[in-house]
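My request is simple: use the sequences and hints to build the entire structure.
Protein chains in written order, with numbering that gives the first Met the number 0: chain A, 0 to 257; chain B, 0 to 361.
It should be emphasised that the hints constitute simulated quantities derived from the structure, not laboratory data.
Nothing false has been slipped in among the hints.
According to the in silico footprint, chain B covers these stretches of chain A (three or more CB under 8 angstroms from chain B):
(1) 42-54
(2) 65-73
(3) 84-92
Virtual Cβ for every residue (Gly too), placed ideally from N, Cα, C.
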Amino acid sequence: MTQEEIIRPENKVYSRPDLLCDVHTHYCPGCSHGVVHKIIAQVLDEMGVADRTIGIAPVGCAVFAYNYIDVDWIEAAHGRAPALATAANRLNPGRLVFTYQGDGDLSAIGTAETIHACNRGENIAIIFINNAIYGMTGGQMAPTTLLGMKTATTPYGRRADLNGYPLAITPLLAQLDGTCYVTRQAVHTPAAVNKAKRAIRKAFENALAGKGTSVVEVVATCNSGWKMTPAQSNQWMAEHMFEKYPLGDLKDVESKTK
Amino acid sequence: MEEVKLMKGNEAIAHAAIRYGADGYFGYPITPQSEVLETLAELRPWETTGMVVLQAESEVAAINMVYGGAATGRAVMTSSSSPGVSLKQEGISYLAASELPALILNVMRGGPGLGTIQPSQADYFQATKGGGHGDYHLIVLAPSTVQEMADFVGLGFDLAFKYRTPAMILADGIVGQMMEKVVLPEQRPRRTEEELRAQCPWAACGRGDRDHRNVVTSLELQSDKMERNNERFQKTYRAIEANEVRYQEYFTDDAEYLIVAFGSVARICLKAIEDARAKGVKVGMLRPITLWPFPTAEIARLAKQVKGILTVELNAGQMIEDVRLSVEGTVPVHHFGRMGGMIPNPGEVLEALSACFTDLKF
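Structural data, given as structure tokens:
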């Protein structure tokens, strides 16, 4: 194929999703957030629901998610996104309401709001980015930080006797009657990205169809917080994170798996 | 003919919310205001007006549901009592910072801490001076009757939407729990989607036909922009101060002494004033209806006419600070209060008057 042929529109195989805003990102190079934002924008584009979507942004690195995806957004207080989503959805039937939350937001300060929104079976989708660290505040321990992992508040490594155990919250959410779909994904390889995208689409479709709460956990990297290169981070994640947070569906009411 | 009902103040709030056409109520049980949620559940407005009623998992969740609903332009409210309202302060600060209309009812009980379930007015500072973090004010309405409980739901919502700021009904446990005659407002329809989009072009309710996205946020990391945001909030507060001061005067025409009291305490004081006047002592009263904005100019005007002012409150002396700021030292201002759920009788108010002002004899 000549260069002229390659750049013809009909030969285009990839482009920035229409809904992904053409702005500078505040995320660090190599951060998983950018990939997840992209696939959310792709899914919303493909579903054609941008006009009826309300995103709920968290506190954490993704606090500025509203700068990147061209739908209506509400910025929540730390951990409260599922409470906002509950009301935004119940008061506005027919909308696709999703939250985008990190591990500190969802599984520390917002544990109660998360569990109860899921237990009520709110017709929302929860996108949960688990990178085992607090990124925005500068690399402190998260509930999901692995034992032995060094962070700004566990400088000698997380110890169970001092800091408790890593919290796997999605299996807990999968137990609740209100959840219809709970899955754990990653975005470290093209194949994983495709699977994560399918999971997010399913979660959004469930929410619009009123099937209950869907939770998509994305096991992710924070190369700045982990003090590694992006490539090293992906490798470290695969070698260490997936043991505690194995990928795959934890619950899918439709396929009768649990 | 208008329909007169007998009900508790808390029940009147629930009826009035439905009749106002409120879109949603989110609450968590706490004495002495649980009848609001109980009455709404019994009335099942989701089957009539379509109003959403939800018992949240906590006061924190409830106020954040209010935040989420208000951000979509809906008329939403919550209610609680003192310890629960402390929990709501995070969300109230965010509502103010995001310039969202909402209605919050506090049926005050005695504190601090878990305190007591009996009536109090000890959350005056919290309600009028901010309560949560940052420079903000709530519009604070203080009802003294069950009728005002009902009326202030509509007034609170209207003011909240007019100025895009949260409003609070600051009731004490007496007015929440007592039963009185009340005429409920006429049933209004809830706003349609089209009306909402026209009246709240800022609402993050889904883009619809809009050519841009709406973002509701209180975050602005650039200090110069955050200062401009604050200046905009303050401009709103100055407009509220200029336009929305509400109060009621009693026997002030010839008053030589002035009582300042709000809520149900004002009614106890009114009885004391009648007793004083029967003994030839000319006492009058100003009852602030809006605690913020405070009737500063009106109290300053009356201060030129009276020999002294007594504030009567169910607390250790909170509103007295605003009264003293109003009169700027021109007349003596004293405080009489009961705390911990105790309620004064009219005789105690008279005793306090004569104790504070030695030339005043009954």
